[in-house]
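J.: Single-letter residue listing:
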Amino acid sequence: MAIKHSKLARGEALTGYLFILPQMLGFLILVLVPLVMVFVYSFESRNLLFGNMGFTGLDNYKTLIGDDLFFLTLKNTIVFSLGVVPLNLVLSLALALYLGSASAGTKIVRSVIFLPVITSGVAWAIVFKYLFQGGEAGPINYILSFIGIEGPNWLHERGWAMTAVVISRVLKNLGMNVLIFMGAVMNLPQDVLEAGRIDGATKPILFWKIKLPLLMPSILMVMIVTVIGSMRVFDTIKLMTDGGPEGSTMVLVYYIYHQAFKTFNIGYASAVAVVLFIIVLILTIIQWSLRRRASFYED
Amino acid sequence: MRFFRKVTCALLLLALVAFPVMAQGGAEAKAAPTGPVSIKIATWTSNPDQIALLNSFVDEFAAKEGIEIDAQFESIEFGEYNTKLSLELQGSEAPDVFWVLETSAPAFIQSGLLAPLDEALAEYNPDDFSAKAMELWQSNGTTYAVPFSTSPFFILYNADLFAEAGIPTPEELVAEGNWNWDTFRQSSKAIKDATGVWGYQTVDGGGYDVRILHNLCPIIRSYGGDAWTSDGEILINTPESVAAVQLFHDMVYDDGSVVPPGDQSNFFAGAAAMTAAQVSRVSNLADADFAWGVAPMPAGPMGDVPIIGQAGIGAFSKGDNVEIAKKLVAYMTNESCVARMAGIWPPARKTVLESEDFLTSQPLLTADQMSVAVASSIETGRVLPSHVMYPQIEVESRIVWDRLWTPNADVQSVLDAVAECYAKYIN
Chain B
5 MAIKHSKLAR
15 GEALTGYLFI
25 LPQMLGFLIL
35 VLVPLVMVFV
45 YSFESRNLLF
55 GNMGFTGLDN
65 YKTLIGDDLF
75 FLTLKNTIVF
85 SLGVVPLNLV
95 LSLALALYLG
105 SASAGTKIVR
115 SVIFLPVITS
125 GVAWAIVFKY
135 LFQGGEAGPI
145 NYILSFIGIE
155 GPNWLHERGW
165 AMTAVVISRV
175 LKNLGMNVLI
185 FMGAVMNLPQ
195 DVLEAGRIDG
205 ATKPILFWKI
215 KLPLLMPSIL
225 MVMIVTVIGS
235 MRVFDTIKLM
245 TDGGPEGSTM
255 VLVYYIYHQA
265 FKTFNIGYAS
275 AVAVVLFIIV
285 LILTIIQWSL
295 RRRASFYED
Chain A
318 MRFFRKVTCA
328 LLLLALVAFP
338 VMAQGGAEAK
348 AAPTGPVSIK
358 IATWTSNPDQ
368 IALLNSFVDE
378 FAAKEGIEID
388 AQFESIEFGE
398 YNTKLSLELQ
408 GSEAPDVFWV
418 LETSAPAFIQ
428 SGLLAPLDEA
438 LAEYNPDDFS
448 AKAMELWQSN
458 GTTYAVPFST
468 SPFFILYNAD
478 LFAEAGIPTP
488 EELVAEGNWN
498 WDTFRQSSKA
508 IKDATGVWGY
518 QTVDGGGYDV
528 RILHNLCPII
538 RSYGGDAWTS
548 DGEILINTPE
558 SVAAVQLFHD
568 MVYDDGSVVP
578 PGDQSNFFAG
588 AAAMTAAQVS
598 RVSNLADADF
608 AWGVAPMPAG
618 PMGDVPIIGQ
628 AGIGAFSKGD
638 NVEIAKKLVA
648 YMTNESCVAR
658 MAGIWPPARK
668 TVLESEDFLT
678 SQPLLTADQM
688 SVAVASSIET
698 GRVLPSHVMY
708 PQIEVESRIV
718 WDRLWTPNAD
728 VQSVLDAVAE
738 CYAKYIN
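Going down the list, the sequences are from chains B and A. Sequential numbering of the first sequence, starting at 5, is according to the working numbering. Sequential numbering of the second sequence, starting at 318, is according to the working numbering.
Since the hints were derived computationally from the structure, they do not count as laboratory data. Wrong hints could be hidden among the right ones.
Here are some chain B residues the structure puts well away from chain A; computed CB gaps all over 12 angstroms [to be verified]:
id, residue
1, Phe31
2, Leu148
3, Leu159
4, Met254
Pairs of lysine-lysine residues, derived as DSSO-like cross-links and limited to a Cα-Cα distance of at most 27 angstroms, are as follows [unchecked claim]:
id, chain 1, residue 1, chain 2, residue 2
5, B, Lys133, A, Lys741
6, B, Lys266, B, Lys133
7, A, Lys506, B, Lys242
8, A, Lys741, A, Lys357
9, A, Lys644, B, Lys266
10, B, Lys66, B, Lys213
11, A, Lys381, B, Lys66
12, A, Lys741, A, Lys381
Glycine included, every Cβ here is placed at the ideal spot set by N, Cα and C.
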């Protein structure tokens, strides 16, 4: 009987493995193999035009340490993330709390907020490039002129370019986070909130002491996804600023693209990609451990 | 039930193993050519008339060789041309024949991706090509691509806006012998002041970024400067270059007469009075609702120094049909084909350039306009600077050039920084 059970278990396991085999093959071919290749290329002098010019050990990484442009792009990536992540989290949580309390008209607001998520990133960036035109030609500057403000040349002035890119990116991805938070807000245990109210908790206390801790797992999960997304931004930068002005919006992924496909330096681009991979991995590990600590009721 | 499950599992496994094998088999079957020869041609034009013209050359070539060719034209957007082309050349979708940008010619030649063409060209009087025009496309006496376009930059202007401002047109200033960068600047400002329309739009609106040298080199060279020379001497921060760039900077920020960075106003839509362009852009004016004209680029202290933009065509050295591709490139640049392309892409063949037909080859331009703005500049003009490390130079220097596009920029210090950037790769 025991042998029969074991055979059945093995048969079922085999069936299971066969069913996940296509997915695993896809992961192996499209994710793992390219990932390993990037690691290998990072130790080679590889050029898109000239091919592989040999193993160079840590040369690409040594070049990276002395590359001012790499550190500029690293700084820009951090600035971009620091702009996008808090703004996105605060706005999406505020909107979710408002929309979660199902009042009239929220269905329309929900749809409007979610629309940018299903809009093509390319179309979104092109529209925002038009909106952020400098001088009198830009619609945003035109509106600002009505209240007596002379708008900057958004995409061609240091500081303002990053601001414009951050605004565009936050508005593009807000809807998805609002949706996740709304799910969490709607599933808040009503008995706990009710108990708080009976104990005389004011609205701010109810939010800070009860709702926020209960929402923490969702907040941290959304934060991880938003941080990773912000580290991988490409289309917005490519179409709105092309990394300018003065490289002030050139982020790591865009720098990798430039090195690989504009200057054809695949080996060096791979080294930068490996560094980005390690940064994202460390950030994810840190946030994951924070999630365990901050979510007091999670196992 | 168990039997059914086992059969399902076995079929799944079989399918997973068989699929790649069948795909491989398919690839092998594809490798054995039967029927027409498939030739892929990569260009950065998507103009259907221009593609049709190129396709007619392929048909003629196929008839001459007695073979059947299935030509596929791939139009890649100009800004992404090198990126996509270089990727394709490393993969299985590589074009057999492709256009080459002048700025990347040295890198492509050195990489070995271009097949030598001299043997194929021998059939079509190669001595007819202007030696000066061929310099960029040859290395150690071997020709790796043929410049199908040797096209000087000139000024296109909106005659209605000049009339509205009550000032002489560039063509009238040329006739007076008074067409120089100072009168160009005055005209641009006068139009902006009188009509509110921008006086000048840079080349394709890209003069502050992707076409920065196309925009500045005509002024810089006519002032006696340059970006760098073929000997590796960097001249971008010489007093002559600084004076030229200062003039353009003043036009943008002091006069406010040039379409500024970030503004998408377009000459062809009537939103600017002048722009720098080449013959291939003239077709955009076929349906223009304003009167327009052409004039050569203005002269500077060193006189008239025409700038020529070149584009080459070459054969992929590692393609399946490399021999046919080489012959096709040679055919497409023979005297007959070049003469038919001349109205779009001015040629490097002397016999065509010197012919009467060339002056009437662009239906939207008069013979006089072709003579003054195009023909006279081709023999005396110079191509933009190039270098085997041009892609790196372009990417890195762009960041430094950006510092120039603020009202209070110190032109000398920005150009010193650009020179420093150039020196990293050129010296």
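J.: Please go over all the hints and tell whether each is borne out by the structure.
T.: These are the hints, each one checked on the structure:
Against the 12 angstroms criterion, B:Phe31 stays outside the reach of chain A, whose nearest CB is about 14 angstroms from its own CB. At roughly 15 angstroms, the least C-beta separation between B:Leu148 and chain A is larger than 12 angstroms, which holds for a residue marked as non-interface. The non-interface label for B:Leu159 is inconsistent with chain A: the shortest C-beta to C-beta separation is roughly 5 angstroms, within 12 angstroms. With a least CB separation of 8 angstroms from chain A, B:Met254 falls inside the 12 angstroms interface cut-off, contrary to its annotation.
Restraint check for B:Lys133 and A:Lys741: the C-alpha separation of about 33 angstroms exceeds 27 angstroms, so the hint is violated. At roughly 22 angstroms between alpha-carbon atoms, B:Lys266 and B:Lys133 fall within 27 angstroms of each other, so this suggested pair holds. With a CA separation close to 33 angstroms, the supplied pair A:Lys506 and B:Lys242 exceeds the 27 angstroms bound. Among the hinted pairs, A:Lys741 with A:Lys357 is inconsistent with the structure: their alpha-carbon atoms are about 37 angstroms apart, more than 27 angstroms.
The suggested pairing of A:Lys644 with B:Lys266 is violated, with an alpha-carbon distance near 30 angstroms, which exceeds 27 angstroms. Only pairs whose Cα atoms come within 27 angstroms are accepted, and B:Lys66 paired with B:Lys213 is rejected, the gap being roughly 49 angstroms. A distance of roughly 56 angstroms separates the Cα atoms of A:Lys381 and B:Lys66; the hinted pair therefore is violated under the 27 angstroms criterion. A distance of roughly 50 angstroms separates the Cα atoms of A:Lys741 and A:Lys381; the hinted pair therefore is violated under the 27 angstroms criterion.
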